[in-house]
Amino acid sequence: MKSHTEYLTMNIPCRMAFVNITPQVEDALNKSGVSEGIVLINSMHITSSVFVNDDESGLHHDFGKWLEGLAPFNPDPNHYHHNRTGEDNADAHMKRQMMGREVVVAITNGHLDLGPWEQIFYGEFDGNRPKRVLVKIIGE
Amino acid sequence: MKSHTEYLTMNIPCRMAFVNITPQVEDALNKSGVSEGIVLINSMHITSSVFVNDDESGLHHDFGKWLEGLAPFNPDPNHYHHNRTGEDNADAHMKRQMMGREVVVAITNGHLDLGPWEQIFYGEFDGNRPKRVLVKIIGE
Amino acid sequence: MKSHTEYLTMNIPCRMAFVNITPQVEDALNKSGVSEGIVLINSMHITSSVFVNDDESGLHHDFGKWLEGLAPFNPDPNHYHHNRTGEDNADAHMKRQMMGREVVVAITNGHLDLGPWEQIFYGEFDGNRPKRVLVKIIGE
Chain A
1 MKSHTEYLTM
11 NIPCRMAFVN
21 ITPQVEDALN
31 KSGVSEGIVL
41 INSMHITSSV
51 FVNDDESGLH
61 HDFGKWLEGL
71 APFNPDPNHY
81 HHNRTGEDNA
91 DAHMKRQMMG
101 REVVVAITNG
111 HLDLGPWEQI
121 FYGEFDGNRP
131 KRVLVKIIGE
Chain B
1 MKSHTEYLTM
11 NIPCRMAFVN
21 ITPQVEDALN
31 KSGVSEGIVL
41 INSMHITSSV
51 FVNDDESGLH
61 HDFGKWLEGL
71 APFNPDPNHY
81 HHNRTGEDNA
91 DAHMKRQMMG
101 REVVVAITNG
111 HLDLGPWEQI
121 FYGEFDGNRP
131 KRVLVKIIGE
Chain C
1 MKSHTEYLTM
11 NIPCRMAFVN
21 ITPQVEDALN
31 KSGVSEGIVL
41 INSMHITSSV
51 FVNDDESGLH
61 HDFGKWLEGL
71 APFNPDPNHY
81 HHNRTGEDNA
91 DAHMKRQMMG
101 REVVVAITNG
111 HLDLGPWEQI
121 FYGEFDGNRP
131 KRVLVKIIGE
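Residue numbers (the numbering used here), protein chains in the order written: chain A, 1 to 140; chain B, 1 to 140; chain C, 1 to 140.
Only chain A is shown next, with the shape it has when bound in the complex (with noise of 0.2 Å):
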């Protein structure tokens, strides 16, 4: 079995972006040299999504809509109780929950084996600061 482990850092200018890393996925396949296989891609933070969708602004655009009505940002700490640990972030919290920690994605003939529309997001909640995604692969 080989295995092979990648840290990404990403950068976001804002509080909640979605940034497509099917390419820095795909780079780590190839210095993996798996061919069949898995790999999880996960983020290394709990205010923080990596989850698969469409690479379409419009739907963008809608996710953070639809994401700010079900779990809107309140820094009140009588909203949102964690936010009395001097914290603003409870609900990047949950938006993360809608949206996932992880996605694992099959390698099959050394490739990513994706649908024809299925790219791999980073989601933020909670941006303007450095954080990490995890990408490891198993296989052969």
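Since the hints were made in silico from the structure, they are not lab data.
Check each hint, because a few of them may be wrong.
All copies of an identical chain are treated as equivalent in the list; a pair is satisfied when it fits inside any one copy or across any two copies.
What the hints assert, rightly or not - Simulated pairs of lysine to aspartate or glutamate, DMTMM-like, Cα-Cα distance not exceeding 25 Å:
#, residue 1, residue 2
1, Lys65, Asp113
2, Lys65, Glu36
3, Lys2, Glu68
4, Lys65, Glu87
5, Lys31, Glu87
6, Lys31, Asp76
7, Lys131, Glu87
8, Lys65, Asp55
9, Lys131, Glu36
10, Lys131, Glu68
11, Lys2, Asp55
12, Lys131, Asp27
13, Lys131, Asp88
14, Lys2, Glu87
15, Lys65, Asp88
16, Lys31, Glu68
On the provided structure of chain A, position chains B and C as indicated by the hints.
For chains B and C alone, coordinates are given in the frame of chain A:
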């Protein structure tokens, strides 16, 4: 390490439905010859899900109503910007995020290591056309 | 390839709670002898979750309130059809979908490759009875 890959084709003759695909995953496992490992099952499309829950028709009714409440269908391009592309399925992208893209199931002693009520489902949110599900097995 | 399987039993004496199970997963990893690979941790029940987030009591309060708002407990069989089966836990199936069934964590140099605040939680949404969590480790 052994690996085995299958692609299931789903043809759902309506917009939203849930289909138990546990038998197809068991078939793939039997063909793989793997007795210890994992199986990844994921939708290859971004408007459908693979998830684990209960095979009970009342619950599926409830899931449909609940998802429609939290991410309603609305073809109006003023409501969802994604629908300015000519699509009408922005809501399906959101429903899929709530139900998830994929599941990973353990393989122990040659069987899917599922709890007593765990069944694997395909969740369709924009049907009426063929779509694919990937089954990837790795192990020994 | 090595593999290791453990079943944790959870006994939560209330309807909803979040329990940090990172120490039990680390114990399983130490027994496995795996230094490079992955660990799958999943609830074996469909009314509870395994997820990664912050070990902060205010946040757990917020999660409970948020989930109750989006998928409220309601035993009335006219509200949730699932409750026509004699169950009262339809809401727990929905809460579990929001928080997720499983996590996959990388194993690097013999350790769980978690970010600084990442902790692994069991989330119970229909407690007061024993339930199981599966820990499956594969690697070398």
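Hints versus structure:
| no. | hint | result |
| --- | --- | --- |
| 1 | Lys65 / Asp113 | neither (30 Å within a copy, 33 Å between copies) |
| 2 | Lys65 / Glu36 | neither (38 Å within a copy, 40 Å between copies) |
| 3 | Lys2 / Glu68 | neither (41 Å within a copy, 44 Å between copies) |
| 4 | Lys65 / Glu87 | both (22 Å within a copy, 18 Å between copies) |
| 5 | Lys31 / Glu87 | neither (39 Å within a copy, 37 Å between copies) |
| 6 | Lys31 / Asp76 | neither (46 Å within a copy, 45 Å between copies) |
| 7 | Lys131 / Glu87 | within (17 Å within a copy, 34 Å between copies) |
| 8 | Lys65 / Asp55 | within (17 Å within a copy, 28 Å between copies) |
| 9 | Lys131 / Glu36 | between (29 Å within a copy, 23 Å between copies) |
| 10 | Lys131 / Glu68 | within (21 Å within a copy, 30 Å between copies) |
| 11 | Lys2 / Asp55 | neither (31 Å within a copy, 33 Å between copies) |
| 12 | Lys131 / Asp27 | within (19 Å within a copy, 28 Å between copies) |
| 13 | Lys131 / Asp88 | within (17 Å within a copy, 35 Å between copies) |
| 14 | Lys2 / Glu87 | neither (41 Å within a copy, 42 Å between copies) |
| 15 | Lys65 / Asp88 | both (19 Å within a copy, 17 Å between copies) |
| 16 | Lys31 / Glu68 | neither (38 Å within a copy, 43 Å between copies) |
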